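Asks: Spelled out from the first residue to the last, the chains are:
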Amino acid sequence: MIEGILIGLNTALSLKNILMVMMGCFFGTIIGMLPGLGPMTAIALMIPITYGFDPATGLILMAGVYYGAVFGGSTSSILINAPGVPGTVATSFDGYPMAQQGKAGKALAIAAYSSFAGGTIAAIFLLFAAPSLSKVSLAFRSPDYFALMVLGLTAVSAFSAKGQFLKAMMMAVLGLMLATVGQDTLSDIPRFVFNNMNLSDGISFVLVVMATFAMSEALTIILKGTDPSSAAKAISLKELGSIKLDKDETKKTLKTIPRSSIIGFIVGVLPGAGSTIASFLAYGMERNFVNKEEKEKFGKGSVHGLSAPETANNAACSGSFVPLLTLGIPGSGTTAVMLGALLGFGIQPGPRLYMTNPEIFWSVIMSMYIGMVVLLILNLPLIPYIARILAVPRTFLIPMILFFSVTGIYLMSFNTFDIFLMIGIAVVATGLRLYKFPMPPLILAFVLGGLMEENLRRSLLISDGSFNFLWDRPLTAIILVFTILIFSWQSYLSLKTK
Amino acid sequence: MKISSVKIISLLFFVLSAFYLYTAYQIQVFSFDENAPFNAKTFPIYLGYTGMLLSALRMILPEKTVEEVNHRVLDYKKVILLVVTMIFYGFTILRVGFFLSTSIFLLFAYYFLGERRWKWMLLFSFPFVALFMLLLHGVLDIYLRDPLLKYLGIIG
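Residue numbers (this note's numbering), protein chains in the order written: chain U, 1 to 498; chain G, 499 to 654.
The following block holds chain G by itself, in its conformation from the complex (with noise of 0.2 Å):
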């Protein structure tokens, strides 16, 4: 018997609805507020329960069409690695500061989406990113943070 991707999430739904449930009633409320008629886990617990009887209905009920998705047309090559860049961009955004972190998060972007042509690459993320921090600090009065840029002198 096959199962549907339908069903398999409607039930990764209902243990995540009784995860939930279980922490919403782990929840430490004050103890002159333990019999209240609403406490702080009150709405929680409601929520639990009425995730877990959508998930089980879904799953119960036979479907009227099955979502299938053909994955071998789906391109998760490409999406992974901008994911992986975008986990890389979070990592060094802080540490190396906006304007490199940015910039080369932008060109890696373009060259695993399979753009080669490297003057408009480049064009469009060392001076963009530029262009966009001058709008930030000059314009909306936002200061972002840039070790580099400090170091170097050209922000304060």
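For reference, chain U alone in the conformation it holds in the complex (with noise of 0.2 Å):
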């Protein structure tokens, strides 16, 4: 581990990665602030430009944005009561009143020393779970990834909206639908292609990606009139107040942050939970933890409520790299998208990639350690003058990014077919999002498409087309019984309310 170690600080700390993860982080914050606007879509315009670099650069770069966007989010949240990611939405329970009360200088730093160490701890338990869970999952046999990844599909539909669990498995099913088009990977039989040559070869990742995430949240801010950079505007220089925090706030921020840190790096590892239950989870529980007169605190600007939500959510970004880079799927929309980043660079994610492409393994994950600091060093002090940035007009930011979008697409195929198909998914997915259809199981099932029938195809093979390859092994029983019991559990629910 220890030559690992070195292997990735080797890598993370070239000149070149380290301006990565600063333009990453730096990028990141600026896409995450604005409200609408999350992690997937900073990084699906990032894409186009990572393949321009190797795939521990890019990922480096991705990462970066990653946790960029998650700090963005809390910083909105803090001063304009309006998260920029539904993983810090808890933050501004506490954040946007302490900003209220003249603290909002203290209230970003104690999210900025919450985030590095969440997010610091949580890659220290990544640097002794990734490799530990590696060895183990190369016990995973074909049948066992099989339930995996539908597990990890009915999990990210059952969290992405609450009470919407058959709308998000029906988008997982449109994913899936839109990743059998084109060629067969076995037989290259082509399927789904109406004689169109465009489609032969499949619809790109980038292109779904940007259209569901990127195009769409554009044009969903146009539909609705909402205006990200007005809220921005109303930031006062001068009412931020001392970013310094006293002896007791200190105290408080150095209790709630290992309790916090681990429940956000647990449920960060769960497939579908993500950033944004960590964040709840951590409030919650944190609200257990105080005393009664800290308790009545929680709501008006208590120093706990603001660093528990902010110390899981970042854990939970470190945690959701798990069983990406142990795996090799995705547990959730975002981990998702760099998944299909990776592919793109004919990176095989999974049990064997610490063996067979170890810099690229290790260099993530010395990474997280370089973007924490980057966040804490460069973001904190600078948030005022980036919340400036913000106050550019939508009239300006909306074409920018249907303009990176386009133009993201188009260097990747030089092919005006895939523009147009962009514009049709994108205006498809506008109209879904408006009726609270949500994306991420899209852009998982997507992802793991292929995968999933590869696997299916295999086991079914083994088993001479009997599905008894789902109880055959105890492994792949017990995951489908999680399956089961999310299923039946989300049906429950949804039965009883009414």
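Just so you know, these hints were derived from the structure itself, not from any lab.
Values in this document were obtained by computation on a predicted structure and should not be read as measured data.
There are no misleading hints in this set.
Calculated lysine-lysine pairs in the DSBU-like style (CA-CA distance at most 35 Å, straight line):
{"no.": "1", "chain 1": "U", "residue 1": "Lys292", "chain 2": "U", "residue 2": "Lys255"}
{"no.": "2", "chain 1": "G", "residue 1": "Lys500", "chain 2": "U", "residue 2": "Lys436"}
{"no.": "3", "chain 1": "G", "residue 1": "Lys505", "chain 2": "U", "residue 2": "Lys436"}
{"no.": "4", "chain 1": "G", "residue 1": "Lys617", "chain 2": "G", "residue 2": "Lys576"}
{"no.": "5", "chain 1": "G", "residue 1": "Lys576", "chain 2": "G", "residue 2": "Lys505"}
{"no.": "6", "chain 1": "U", "residue 1": "Lys244", "chain 2": "U", "residue 2": "Lys297"}
{"no.": "7", "chain 1": "G", "residue 1": "Lys500", "chain 2": "U", "residue 2": "Lys224"}
{"no.": "8", "chain 1": "U", "residue 1": "Lys224", "chain 2": "U", "residue 2": "Lys300"}
{"no.": "9", "chain 1": "U", "residue 1": "Lys244", "chain 2": "U", "residue 2": "Lys295"}
{"no.": "10", "chain 1": "U", "residue 1": "Lys436", "chain 2": "G", "residue 2": "Lys575"}
{"no.": "11", "chain 1": "G", "residue 1": "Lys648", "chain 2": "U", "residue 2": "Lys16"}
{"no.": "12", "chain 1": "G", "residue 1": "Lys576", "chain 2": "U", "residue 2": "Lys224"}
{"no.": "13", "chain 1": "U", "residue 1": "Lys255", "chain 2": "U", "residue 2": "Lys295"}
{"no.": "14", "chain 1": "U", "residue 1": "Lys244", "chain 2": "U", "residue 2": "Lys292"}
{"no.": "15", "chain 1": "U", "residue 1": "Lys224", "chain 2": "G", "residue 2": "Lys505"}
{"no.": "16", "chain 1": "G", "residue 1": "Lys500", "chain 2": "G", "residue 2": "Lys576"}
{"no.": "17", "chain 1": "U", "residue 1": "Lys436", "chain 2": "U", "residue 2": "Lys297"}
{"no.": "18", "chain 1": "G", "residue 1": "Lys575", "chain 2": "U", "residue 2": "Lys224"}
{"no.": "19", "chain 1": "U", "residue 1": "Lys224", "chain 2": "G", "residue 2": "Lys617"}
{"no.": "20", "chain 1": "U", "residue 1": "Lys436", "chain 2": "U", "residue 2": "Lys295"}
{"no.": "21", "chain 1": "U", "residue 1": "Lys251", "chain 2": "U", "residue 2": "Lys295"}
{"no.": "22", "chain 1": "U", "residue 1": "Lys292", "chain 2": "U", "residue 2": "Lys251"}
{"no.": "23", "chain 1": "U", "residue 1": "Lys436", "chain 2": "G", "residue 2": "Lys576"}
{"no.": "24", "chain 1": "U", "residue 1": "Lys297", "chain 2": "U", "residue 2": "Lys251"}
{"no.": "25", "chain 1": "G", "residue 1": "Lys617", "chain 2": "G", "residue 2": "Lys575"}
With the hints as a guide, bring the two chains together.
Replies: Right, dumping it as structure tokens:
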């Protein structure tokens, strides 16, 4: 492991990669701050650029964007009570009241220190958990992988939006359907191409991500007439106050960080759960941990109440890399985008990744520490100025997002058909968003589609067409039981309220 | 009886799944693969049935909360204008070239969204695109086809 850490440090500490982390954190912070635009949009916009670099650098850049976007989301939650990402909603419960009390600077500092500590502690867990889990996951066979992917899709659908389970499952099926367009990987038989040569290679992953996130989010902002920059214009640099914490605040933050880091990491590792659930769970748990006097401060500007979700959401970000790096199966929409990008580089994440491509495996883990330091040193003092950049009116912001989306896909294929297909998917996605059809299950399913079919193929061929493979191996059966439990629980919840 | 929009979308998804299933059955597999436990159409067939089942469930089951959207407050005009501009951009990007088509796309997009500060609009269109192209050509070494700039002798 020491050798791996050194390889990772060597790659991550190269000047180019440090610059990439800085750039990623900075860009991610800006996008993450904008209400409605989250880490997936930020990463989607970055993918075409990453293809100009080697895989390790590309992934380091995307990891930086991810952390930056989560941190940016916290900033808008605290300053303007408009969480940029769902994972920072809980941050606004106590962050915004603190800002209203004239302690915005302190709230931002608590958020930054908690994010830093949560992310760093979770990265240490990841350092030890990932190689061990990789060894365990070598025992996984095709039926286990297939069952795990079904579990991942069910879990993401269950957690993506409250009471929208069936809608989310429909989106997952739609994602799988889109993934089947093009030639069959084994027999090269064309499927769903309708005699169109442009579809014979299938639909590009970048195209789907850009259309369903960057472009459709931009169109939704215009459709709803919201202006993400208006609130940012109201931020006064003088009203932020000091960013220095007193002894009591530091003590409270230090108490909260360890327990919230553990909660965040564990929830992050679970498929589908992600930073949103981690932050809410940590907030709720923290409320139970503190004394009665502190409990009453929750929702009115509590240090514990701000520190807990901030620690947990960043810890969950690191945790979500565990299934991606060790099993090759993303547990969230954002890591699904990263998996897609890695596949684009010709790299298959999974248990053998740390043996076949140790520089990628370890440099991503090492870059997490660097990313955290960058967020703390660079972003915290720069936040008021970054917030000023956000005052860019939407009349300029939206065309820029559309421009980067169209150009991004054009640069990858130099084919105008892809531009039209992307516009078409974006229009449909915008309509679906209006009726709260969640997009992350679609992306996850689209990315997993090929792998899922491949593992189902192997399983069915081995079992001679029988579905016994689903319960022949204890591991497959256990995963399947979890899937059935989630499905039944979600169905029960829907029926109960009716 | 008023049918909710989500149920209509579910019905559309049901039709799409049925069409997908029909097309899946039409996939021509190799004759030796026809009776294999798994061939090119097995997975799509399962997907088609799953899609139909889920959308049917969504249509049949009663709704907890009816998701309705107030279409009067939505700015369809601007979205349609932007989509049309993007389609036009798609048509011109290869023929006219990246520089001119992108700059014009940005100018129109700013204008349609209500921007009227021409100085800023011009600055964030032509010079911005030129800078972007310089970054792509000079730093990232990505070639962009541009017949106009080639004709003018600006790029090779």
